[in-house]
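Turn these sequences into a full structure, and let the hints guide you.
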Amino acid sequence: MIEPAVIDELVAELSNDIGERNVSREPETRRRASVDGARLSPILASKLPLGFADAVVYAASAEEVATCVAAAVRLGVPVTVRGKGTGNYGQGIPMAGGLVIDVSRARKILEIGDGYITAEAGASLATLESHAWNRGQQLMLYPSTVQSTVGGFLSGGSGGTGSVAHGSISDAGFVLGLDVVHADGESSLTRVEGPDVAPYLHSYGTVGVICRATVRLEPLQQWRVLYASFPDFAESLPVIGELTRLDRTPRLGSLDPPLFAMALPHHAGIPEDRASLRAIVDARSLDAASAAVVAAGGRVELVEEGPQAVLRASMLSYNHPVEWLQKAQPVPYFHMEVSGDALIDRVSEVEAVYPGGSLHVEAFRGAPVGMLAAPYQSEDAVIEGMLRLNELGVATHNPHQWRVDSNVERTRSRKLVTDPGWLLNPGKIEQPTLSRRAGADEREQT
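2 is the number of the first residue of the sequence shown in this note's numbering; add one for each residue after it.
Hints may be right or wrong, so weigh each one.
Stated by the list, open to error - The calculated DSS-like cross-link candidates involving lysine-lysine, where the alpha carbons are at most 25 Å apart (straight line), are: (1) Lys-328 with Lys-85; (2) Lys-109 with Lys-48; (3) Lys-85 with Lys-109; (4) Lys-48 with Lys-328.
No lab work stands behind these hints, which were simulated from the structure alone.
This is the structure we're talking about:
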């Protein structure tokens, strides 16, 4: 519990620094800033609310973001940073209360050059992509929620359009540099580049707050959006592998059984009673991609082109079909993130792990990934299913929890240096015991 007088002092300082109209303690504003996509998980939805902000501030530049972080840290107030708040499952909720910093107004495009673009954390990936296209370039990666902020995507995201060729944000060389602010009470920005950016990626703002980002661009390709359909989902699955083997790697390949397809927004390229493929392919590979569709027993429904068509297809990938399915079904559905060749080779067994299971599949570098959706029964049933999936050779990631769950020790070790008061997004990574803290400190000094 944070003393009201401390919040009063913080609000007064921020009102003086960045303007009274940009700071709010109004209950509805605080409520809106205290929710994210957790409601999409039946497990997490049953545990809401998980936290409630004491104050919300709207920072309009990288420097203002840093000012807000520093002011809160000096007063010992927890800080949770927010972009659009759409893609996270509890990671964007201020579980310890404190200050929520909304960075969506800090959205300047600062520089674009040959192979890179630099922007403030609140700039959307759609905006970055538009600027890149105007210069004959394109982002290496962007998320399925194309309006996500670049800071939010790097802090909480993983992959998306471009991952067929490049994998995830952590292994693609996508992030060239970050300007971050640490929880040391100072408002100065620290530049990190190369391998030093790694602890700040997909760690939910627990290590430092991303204020500006420089990400990699590549030469613009002429893309075509291929819509195709198949009479049988299981028999269509080999097309995912064929797409990844095209001479020019596609930007996206999303495949759904009819249950998902019927739930998607109406589109001339998506028949409701057939399995649906949406692929973003290089124009020079369109004939080969079309031939792969026919070889798998399918038919080409429609081909579109242009930047809006590409973005529209991206928004029907990854988590989005699950969200449409949840809206269409009369009973609660959950999903499990899955990956591995068994999604193709053992699809019937994979879907049978959860009663009523249905698999959405994405082409991805190395091996396909997917979302296994099913009617929700219980949290125990979800966890038990993960074990059975692992036995089938399927890797799983549980999205129904809010903690950092990859490279945990690396994240914790860095946090001990950059956030000694443990104030950045509390509750998202376990605080070490005194003995563990001492060991980590020693490792940092060696």
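Verification of the supplied hints:
no., hint, verdict
1, Lys-328 with Lys-85, "21 Å, holds"
2, Lys-109 with Lys-48, "37 Å, violated"
3, Lys-85 with Lys-109, "16 Å, holds"
4, Lys-48 with Lys-328, "20 Å, holds"
Of the numbered hints given earlier, the model fails hint 2 alone.
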